[in-house]
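Participant: Chain by chain, the residues run as shown.
2 protein chains.
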Amino acid sequence: MTELLTRNILNHITLSNKKLENFCNLFNNKEVLKKHFLLREGEICKFEGFVTKGLFRVYHIDSNGFEQVLYFAQESWWITDIDSFTNEKPSQLYIQALEDSEVLLISKKDKEFAYNNIPKIEKLFRVMTQKTHIALQRRIIDNLSKTADQRYIDFIEKYPNLFQRLTNVQIAAYLGISHEFLSKIRRKIASKK
Amino acid sequence: MTELLTRNILNHITLSNKKLENFCNLFNNKEVLKKHFLLREGEICKFEGFVTKGLFRVYHIDSNGFEQVLYFAQESWWITDIDSFTNEKPSQLYIQALEDSEVLLISKKDKEFAYNNIPKIEKLFRVMTQKTHIALQRRIIDNLSKTADQRYIDFIEKYPNLFQRLTNVQIAAYLGISHEFLSKIRRKIASKK
DNA sequence: ACAAAACATTGAACTAGTTCAATAAATGAA
DNA sequence: TTCATTTATTGAACTAGTTCAATGTTTTGT
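Chains A and B, in that order, are what the protein sequence lines are.
For the first sequence, position 131 (counting from the first letter as 1) is numbered 134 according to the working numbering, and the numbering increases by one without interruption.
For the second sequence, position 160 (counting from the first letter as 1) is numbered 163 according to the working numbering, and the numbering increases by one without interruption.
Bear in mind the hints are in silico, worked out from the structure with no lab data behind them.
A hint or two may mislead.
Unchecked claim - Listed below are the simulated DSS-like cross-link pairs for lysine-lysine, each with C-alpha atoms no more than 25 Å apart in a straight line:
id: 1; chain 1: A; residue 1: LYS112; chain 2: B; residue 2: LYS123
id: 2; chain 1: A; residue 1: LYS22; chain 2: A; residue 2: LYS149
id: 3; chain 1: A; residue 1: LYS149; chain 2: B; residue 2: LYS149
id: 4; chain 1: B; residue 1: LYS21; chain 2: B; residue 2: LYS112
id: 5; chain 1: A; residue 1: LYS126; chain 2: B; residue 2: LYS114
id: 6; chain 1: B; residue 1: LYS134; chain 2: A; residue 2: LYS187
id: 7; chain 1: A; residue 1: LYS92; chain 2: B; residue 2: LYS22
id: 8; chain 1: A; residue 1: LYS112; chain 2: B; residue 2: LYS126
id: 9; chain 1: B; residue 1: LYS123; chain 2: A; residue 2: LYS111
id: 10; chain 1: B; residue 1: LYS49; chain 2: A; residue 2: LYS134
id: 11; chain 1: A; residue 1: LYS149; chain 2: A; residue 2: LYS112
id: 12; chain 1: A; residue 1: LYS49; chain 2: A; residue 2: LYS149
id: 13; chain 1: A; residue 1: LYS123; chain 2: B; residue 2: LYS56
id: 14; chain 1: B; residue 1: LYS22; chain 2: A; residue 2: LYS149
id: 15; chain 1: B; residue 1: LYS22; chain 2: B; residue 2: LYS92
id: 16; chain 1: A; residue 1: LYS92; chain 2: B; residue 2: LYS134
id: 17; chain 1: A; residue 1: LYS126; chain 2: B; residue 2: LYS161
id: 18; chain 1: A; residue 1: LYS123; chain 2: B; residue 2: LYS187
id: 19; chain 1: A; residue 1: LYS112; chain 2: B; residue 2: LYS49
id: 20; chain 1: A; residue 1: LYS22; chain 2: B; residue 2: LYS126
id: 21; chain 1: B; residue 1: LYS149; chain 2: A; residue 2: LYS123
id: 22; chain 1: B; residue 1: LYS114; chain 2: A; residue 2: LYS134
id: 23; chain 1: B; residue 1: LYS126; chain 2: A; residue 2: LYS21
As the list claims (entries may be wrong) - Selected chain A positions facing chain B (in silico; Cβ < 10 Å):
id: 24; residue: VAL72
id: 25; residue: PRO93
id: 26; residue: GLN95
id: 27; residue: LYS134
id: 28; residue: TYR177
id: 29; residue: HIS182
Unchecked claim - Interface residues of chain A toward chain B, partial, derived using beta-carbon atoms under 8 Å:
id: 30; residue: HIS63
id: 31; residue: ASP86
id: 32; residue: GLN99
id: 33; residue: LEU139
id: 34; residue: ILE144
id: 35; residue: TYR162
id: 36; residue: VAL172
id: 37; residue: PHE184
The structure presented is a predicted model; accordingly, all values stated were derived computationally and were not measured.
Heads up, the beta-carbon is just placed ideally off N, CA and C, and yes, glycines get one too.
All chains, full assembly: derive it from the sequences and hints.
Facilitator: Structural data, given as structure tokens:
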């Protein structure tokens, strides 16, 4: 059950089998059915999660009622509201399963325990946060400099499998455009081929 | 000379005076005159820096020749290209002083040394990276959901002192709009008061 | 297998933001 | 002080993206 997780950890750091097992034992498995929520706006995010099956969307609803997708999380992705989790304040985000999913959850207390007892875990999360950080910077630049057409093409190239599992409404919410406009972009691209 | 730095560190973690001093001694002071560069596209970023005086812009030039500002760094801000620095690959960013500035620099080797010999430093950078991460997420959501008017108003409220030190060209490059349009936004806001 | 709901496409009218060119004001270097 | 450069403002024409409403298609729940 924690096989994907151990593989993911060893991708970032080296760790003895025993410590790896100790750390993995801090996680609890949870099933989340399609359309069900792992987190809702206003709640305090009590977990950090690792997706072992299925697909989630992490999104925000703005003051006009529009949904913005911050990111999608499929198998081997981590999900949490880092702001809510770290600072124990109400979340501004929703985390919802887009397919029947399973996720391994660790609590704040257990994560702190791991930080204090397995120093390499501090490194693991520093390295992972850094990678996410790089990806976020990249996305800000892309959002500022690229046209919606190009961002859509980039998305398909970068996440071909996500692209197949998502509706255009979801992709448009990630790209920051209306789904009608995405539809027009798709037509334009299709006619060029 | 490292007073701002020690204060900044103690804002994030607790650390004995001796370890604090050891860590601070790993930094070298560097003067960067207005318009001079700390980093250029294509170079490998060899440092992580802490600004003690002045103001920098961290920006990218896209394929159409437009400049996008990723962030500004004034006193007590950290600057680096984390992607280039961490992965030792050519940078896509420019870091330029907008005023006569001073910055404390630490090399990758010395930072690794600190990670290995002062465990709290690992925590320091994890905590800081996490905070930046939260801010970047916030910015992505704002860029997707807010109109340029609102982003400009938010910027002024959030960074009133930066606002005074920056030209409209720089602010527009941060907001992701043309400086002409920013000028029109300013007129509109002014006429409403 | 059926009805209801969610999804995708399209066109027409609209709006936010760009581009280009002209002009004035502020700043900087010698 | 002066000349050159950067900065800010403005208007007019344009373009990328939105909004709304209509229509057909697919998926879902029962």
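Participant: Checking each numbered hint in turn, tell me which of them this model violates, lowest number first.
Facilitator: Checked against the structure, the hints that fail are numbers 2, 6, 7, 11, 12, 13, 14, 15, 17, 18, 19, 21, 25, 29, 32, 35, 36, 37, while the rest are satisfied.
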